[in-house]
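Engineer: Next come the chains, spelled out residue by residue.
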Amino acid sequence: MAMTITEKILARAADKTRVIPGDNIWVKVDILLTHDICGPGTIGVFQQEFGKNAKVWDPDKVAIIPDHYIFTRDVKAHRNIDTLRQFVQEQGIRHFYDPAGPGYRGVCHVALPEVGLVRPGTVIFGTDSHTCTHGALGAFASGIGNTDAGFILGTGKLLIKVPKTLRFRIDGILPPRVMAKDIILRIIGDIGFDGASYCAMEFTGDTISALSIEERMTICNMAIEAGGKNGIIAPDDKAFAYIRNRTSAPLDPVYGDPDAAIEREWRYDAATLVPCVAEPHVPSNYAPARDRKNIKLDRAYIGSCTGGKITDFCAAAEILKNHKVTVPTFLVPATVEVADALITETIDGRSLVQIFADAGCEEIAPPSCAACLGGPEDTYGRTSGHEAVISTTNRNFIGRMGSKNSRIWLASPMTVAASAVSGHIADPRDLS
Amino acid sequence: MNKTENNLIRGKVYVAGDNIDTDQIIPAQYLNLVPTIPEEYAKLGSYALCGLPDTCLPFIRPGAQKSEFTILVAGRNFGCGSSREHAPIALGAAGIQAIVAESYARIFFRNAVATGEFFPFETARRLCETFQTGDEAILDIKAGTLTRVTSHDTFALNPLGAVAPVVAAGGLFAYARQTGMIGKKG
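Those protein sequence lines, which keep their order, are chains A and P.
If you want the numbering used here, it's the 1-based position in the first sequence plus 1008.
If you want the numbering used here, it's the 1-based position in the second sequence plus 763.
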């Protein structure tokens, strides 16, 4: 019986020969991911339910990556990281990246693939909605809450419902300066903010194949913004090359059957896609950037798991290398590795750090989630007034970056960079 | 945690619209609170829905620690956005015993069931335009109905199905123990 890639991964994880959408199955978990704001609550549930001295089902399958409230004076935030420190020591969990040490990494969804823990065909759950990012490497990856995560810590399993699959086929060559972010914003705009609710979003087509792994991550990252259970792209040579660079662990990829039944398919011709924005206050509020040139901005923000990877900064630098920004432009590399690459990556002999400095951007911040979700009041980049912000992040709800009176437009790194130069929302194709 | 007598929940209704996201339910700055610490659980309750625009009627009166509302009636896609379990927990800690929404975002719904904080009912009819904040209502969990006391209008809700016993038991772990899925509390 033909199955989609999502169905096959779940069937294997549940020791079943086949599953169909709607089946409630117990799956074995390969990786449980958590961070500093949900980790303590997850640990609390685990210890309350399984005992203060209980041991996690498999310490090597747990990844604890502090990234949300790191560079703050908030006392509870630091207490929460201490809670994680104590737990990893008690449990013998080695996949822990302490902000106080040389092993600090940064944003969990960029760090997890960096450390080689994302593998095709595996089941990854994380206490963060953007866990869906990891479908970019052909894994089943989905966000859950503290209670489910506490349950996994004790048992290594979770009861889930097999989702229906929605397929998005994008073919053709992306026009210059159109990025993966533009693809996913267009899709979310078309299907709506709950258009993929409870479904697997499968991305395919030669446009997708031509994308770098980091660009594929940007697409899968935002599956949740359409309500998707997971986002997924079949692993290919690019995916294997990326993974082999990170780990030599054995790989057991899964591929969907071409004749598997799906719920619905959407097709896009890449040549018709344009640089775009998602307007306040939902990620599905799509508009071409060129139609919004009248929007005056107060700030540009480049960062987060969605748009703070090295590919994102290289793209922004392509625009900024010949220009100066006219609004404060905040740069937050997602991880230490990205921050280091800003120094070593060059365009025409100039490092990205130099390009951003010459363009008049703010000093590059240390890696973390920073203002993507507001956070404690002293968070870098947090809005506090009526700022109009254009950002490479993933959500633009009221109050998302801190202030209820601030408005957020979501866009690709190139569109954000072009807009930072213009001072208004700008289409990057309209700049030199 | 949910405590209901005679399968009836009676109280005041708070009405919210579509796409009420988790940042509105519990803004990120309060996520440094850990729900398994009792004082912080209560504190989360005091912040429930404080992320709504200031033009909305307050869900919690200024200075109060809990809400005067017991039933929340909402539109589509309630709880969209983040996976933060702090969101359903804050609502439960604030005193909500049931939510009646046109539809839910997946992770929020799952978290609501797992924590057993309230009964998450769904209804095809758009009740967020029928009820008004402050209406007194009775929700019959077993019959699956919501009745406005003053007008005696009764509305049918979608059956909870497999979710009902999990929430009634008090959430995922309580249910798993009750049904023998896992052993006694450690």
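Each hint should be verified, as a subset may be incorrect.
Stated by the list, open to error - List of simulated lysine to aspartate or glutamate pairs, DMTMM-like, C-alpha gap at most 25 Å:
| hint | chain 1 | residue 1 | chain 2 | residue 2 |
| --- | --- | --- | --- | --- |
| 1 | P | Lys806 | A | Asp1090 |
| 2 | A | Lys1412 | P | Asp916 |
| 3 | P | Lys806 | A | Glu1385 |
| 4 | A | Lys1304 | A | Asp1090 |
| 5 | A | Lys1172 | A | Asp1267 |
| 6 | P | Lys947 | A | Asp1066 |
| 7 | A | Lys1412 | P | Asp817 |
Hints were generated in silico from the structure; no laboratory data involved.
In this text, all values refer to a predicted model and were calculated from it rather than measured experimentally.
Engineer: Determine for every hint whether it applies to the structure shown.
Structural biologist: Hint-by-hint comparison with the structure:
Note on Lys806 of chain P and Asp1090 of chain A: the hinted pairing holds, with a Cα-Cα distance of about 21 Å set against a maximum of 25 Å. Among the hinted pairs, Lys1412 of chain A with Asp916 of chain P is inconsistent with the structure: their alpha-carbon atoms are about 36 Å apart, more than 25 Å. Between the alpha carbons of Lys806 of chain P and Glu1385 of chain A the distance comes to roughly 18 Å, so the proposed pair stays at or under 25 Å and holds. This hinted pair does not check out: Lys1304 of chain A and Asp1090 of chain A have alpha carbons roughly 43 Å apart, beyond 25 Å.
Pair hint Lys1172 of chain A plus Asp1267 of chain A holds up; C-alpha atoms about 15 Å apart against a cutoff of 25 Å. A hinted pair counts as satisfied when its Cα atoms are at most 25 Å apart, and Lys947 of chain P with Asp1066 of chain A qualifies at roughly 21 Å. Our distance criterion of 25 Å between C-alpha atoms is met by Lys1412 of chain A and Asp817 of chain P, whose separation comes to about 8 Å.
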